[in-house]
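Visitor: As a plain string of letters, each chain reads:
6 protein chains.
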Amino acid sequence: MYTVGVRDHFMIAHSLSGEVFGPAQRLHGATFVVDVEFRRAELDTAGIVLDIGLASQAVHEVLAGLNYRNLDNESELAGRNSTTEVLARFIFDRLAAKIRAGQLGSGALGLQSLCVTLNESHVPWASFDAALESTR
Amino acid sequence: MYTVGVRDHFMIAHSLSGEVFGPAQRLHGATFVVDVEFRRAELDTAGIVLDIGLASQAVHEVLAGLNYRNLDNESELAGRNSTTEVLARFIFDRLAAKIRAGQLGSGALGLQSLCVTLNESHVPWASFDAALESTR
Amino acid sequence: MYTVGVRDHFMIAHSLSGEVFGPAQRLHGATFVVDVEFRRAELDTAGIVLDIGLASQAVHEVLAGLNYRNLDNESELAGRNSTTEVLARFIFDRLAAKIRAGQLGSGALGLQSLCVTLNESHVPWASFDAALESTR
Amino acid sequence: MYTVGVRDHFMIAHSLSGEVFGPAQRLHGATFVVDVEFRRAELDTAGIVLDIGLASQAVHEVLAGLNYRNLDNESELAGRNSTTEVLARFIFDRLAAKIRAGQLGSGALGLQSLCVTLNESHVPWASFDAALESTR
Amino acid sequence: MYTVGVRDHFMIAHSLSGEVFGPAQRLHGATFVVDVEFRRAELDTAGIVLDIGLASQAVHEVLAGLNYRNLDNESELAGRNSTTEVLARFIFDRLAAKIRAGQLGSGALGLQSLCVTLNESHVPWASFDAALESTR
Amino acid sequence: MYTVGVRDHFMIAHSLSGEVFGPAQRLHGATFVVDVEFRRAELDTAGIVLDIGLASQAVHEVLAGLNYRNLDNESELAGRNSTTEVLARFIFDRLAAKIRAGQLGSGALGLQSLCVTLNESHVPWASFDAALESTR
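Protein chains in written order, with my numbering: chain P, 1 to 136; chain S, 1 to 136; chain L, 1 to 136; chain X, 1 to 136; chain F, 1 to 136; chain B, 1 to 136.
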């Protein structure tokens with residue numbers, strides 16, 4: 001299996017509902033350094049997994065929809081806790097939709113799986129990793 | 001699959017038996033920066049893999065049992081080489097027991113797999129990764 | 001010159017006033033991974049710059065006063081933009097006060113300078129570095 | 001599954017053919033920081049995945065065949081784009097051959113899979129990961 | 001002293017003249033991950049060292065003049081070895097000129113010093129650090 | 001000022017004397033990832049601070065004298081606590097002696113200062129930084 005990964009980041013405010021979150025129930029915020037991995041069994045004729053320029057742009061666009069916002073007010077996340085895990089899945093779904101829509105190029109249609117990891121600081125992180133077909 | 005990871009560390013003295021270890025047969029030591037990944041197919045109702053506070057505490061307790069010790073004298077490791085691989089498995093088994101005992105919360109009973117990675121320096125590392133059921 | 005450094009982090013929400021901040025004028029947030037360096041010309045009789053346990057605890061206490069908060073509502077920062085630079089200085093001043101109050105041990109009274117660095121993501125960072133006497 | 005990883009690097013010049021590469025069609029270069037992971041289900045009697053000394057040496061030898069070269073002139077890569085993905089596979093194949101030839105020790109004959117990751121900068125990376133039997 | 005730092009990178013081919021460079025006398029290449037630090041004694045009224053948006057853009061423009069090139073053919077470096085040290089100074093001088101020309105904003109005219117660090121891999125790096133007045 | 005830095009590491013056992021060290025009074029160990037910075041005002045005619053090959057070798061030789069040892073038994077450190085700070089100074093002094101002896105090449109005789117940093121884990125570190133003349 002071949003993997004190509006790119007790194008980007010976004011910065012948000014949010015609060016989390018539930019006693020399990022302790023002081024994170026208060027309005028606070030986070031920088032998420034995001035690693036996205038694109039995977040495919042075979043390379044295309046150019047010798048690549050996908051066009052990394054298009055991939056980086058797609059990741060940047062998805063993160064731009066979250067960046068510099070208070071996620072408590074974002075309608076797309078309404079009724080959900082914007083935990084690191086939920087955000088990893090949210091970004092995965094947005095990227096999977098862009099891949100299916102051909103925005104990462106025709107080569108990206110051959111991708112088999114995707115992994116989105118959000119690093120919250122030098123200590124914890126969370127990711128969502130799935131086959132692309134399973135999410136269609 | 002969702003993953004949550006946490007980082008901690010411990011510092012030990014030890015020696016390794018066998019010609020393959022060369023100068024590491026002498027009494028020396030290491031800092032191990034430990035990354036533990038907890039994995040689960042679905043999130044709980046709070047939108048998390050598990051209570052990261054309980055998870056971090058459990059990792060810290062397991063490492064505290066090794067930290068600032070000479071592993072050559074630890075009865076739990078008697079008769080075994082405390083290689084990075086063996087220590088990764090040792091920590092995995094201790095964490096799996098705590099998960100089964102409910103110390104990481106009832107949500108953690110739904111975990112499917114665990115990966116324990118020990119980073120020895122900026123160059124080498126070792127890990128043990130397994131399904132939790134396979135180790136019960 | 002001897003230096004001892006420790007790393008910790010905190011997570012906050014805030015907004016920044018001024019056109020120069022662009023989209024960061026909106027309420028958003030950040031994780032700041034904080035590196036604090038303590039410097040001294042000579043070591044004490046134990047062979048250390050200062051008691052790293054007390055130093056780590058003091059850093060943690062200062063960050064706890066900011067952690068999981070919306071800095072727009074913190075009276076201590078009222079009327080000031082909580083930029084990365086301003087926060088580095090704020091933490092420096094709090095630590096300098098603790099050093100003078102003897103909370104980092106008597107050895108820490110011999111410290112000559114302090115540097116507080118806040119890493120905002122994998123890309124930008126800011127720090128404040130000064131002699132301790134100059135801030136008394 | 002047990003994993004042992006080692007890190008090394010090499011520095012090359014090359015150019016890439018195809019409009020998808022934009023300015024990377026020009027002769028330029030890269031440092032690749034290489035992470036190689038060796039995986040095995042059970043440890044040997046010494047408690048290790050393989051002899052890490054032999055493993056590090058084998059990785060270094062494979063990279064030495066590429067290091068400080070213009071890959072456009074290397075006959076082994078003739079007719080192929082030396083993309084990060086292609087280089088990850090190239091290094092994988094060279095290492096797999098050394099494993100089969102016994103150069104990483106008899107213990108390494110029990111390895112089940114190998115992953116070669118090339119980090120191109122602080123932003124992108126690529127890897128090739130496969131079972132060893134599947135490449136024989 | 002306040003510091004603001006930003007990270008970017010560029011990828012080049014080059015060769016180095018002189019026996020001291022051993023195999024690096026051959027045409028090869030490098031990724032340089034570049035950290036630029038801007039320093040100033042006092043913050044401006046917005047609470048910043050300088051406009052980090054303008055600073056990042058200026059760094060990116062300077063690196064774009066080197067990126068994806070064979071430095072052996074660049075007239076600006078003609079007759080000089082493009083060592084990591086020389087490149088750090090080259091980038092410093094280009095940035096200092098942009099600062100003096102006001103391209104980083106009027107606030108940047110108050111900068112006192114600049115440090116440009118080039119990380120060549122996970123092992124070596126080089127930097128040039130100087131007061132801005134000393135280079136005018 | 002120009003700086004060139006190199007990274008290496010060593011692994012030791014030791015114990016520390018004094019209540020301030022708490023559980024680190026027991027025999028334990030550490031990996032120290034070592035960053036050495038060599039500084040000089042002007043480059044030599046080859047455009048370098050010093051021969052990085054000789055510098056890396058000198059660092060490696062100094063660390064080899066400590067690597068895979070129990071520092072409690074090393075006569076060179078007898079009567080001293082082998083704290084991270086003391087080890088940074090010890091390595092500084094050994095390197096300064098090698099520089100003066102010409103082992104890093106004649107160019108290294110022009111070095112003005114040296115900084116030795118020991119990273120103990122992902123959290124703490126210590127360094128010793130001094131002008132070379134001041135230690136002669």
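Please keep in mind that the hints were generated in silico from the structure rather than gathered at the bench.
Keep in mind that this is a model prediction, so the values were computed, not measured.
Beta carbons are placed, not taken as given, at the ideal position from N, Cα and C, and that holds for glycine.
There may be inaccurate statements among the hints.
As the list claims (entries may be wrong) - Listed below are several chain L residues computed to face chain B (Cβ distance under 8 Å; list not exhaustive): (1) Thr3; (2) Val6; (3) Ala46; (4) Val49.
Visitor: Decide, hint by hint, whether the structure agrees.
Guide: So, going through the hints one by one against the coordinates:
no., hint, result
1, Thr3, "holds (5 Å)"
2, Val6, "holds (5 Å)"
3, Ala46, "holds (5 Å)"
4, Val49, "holds (6 Å)"
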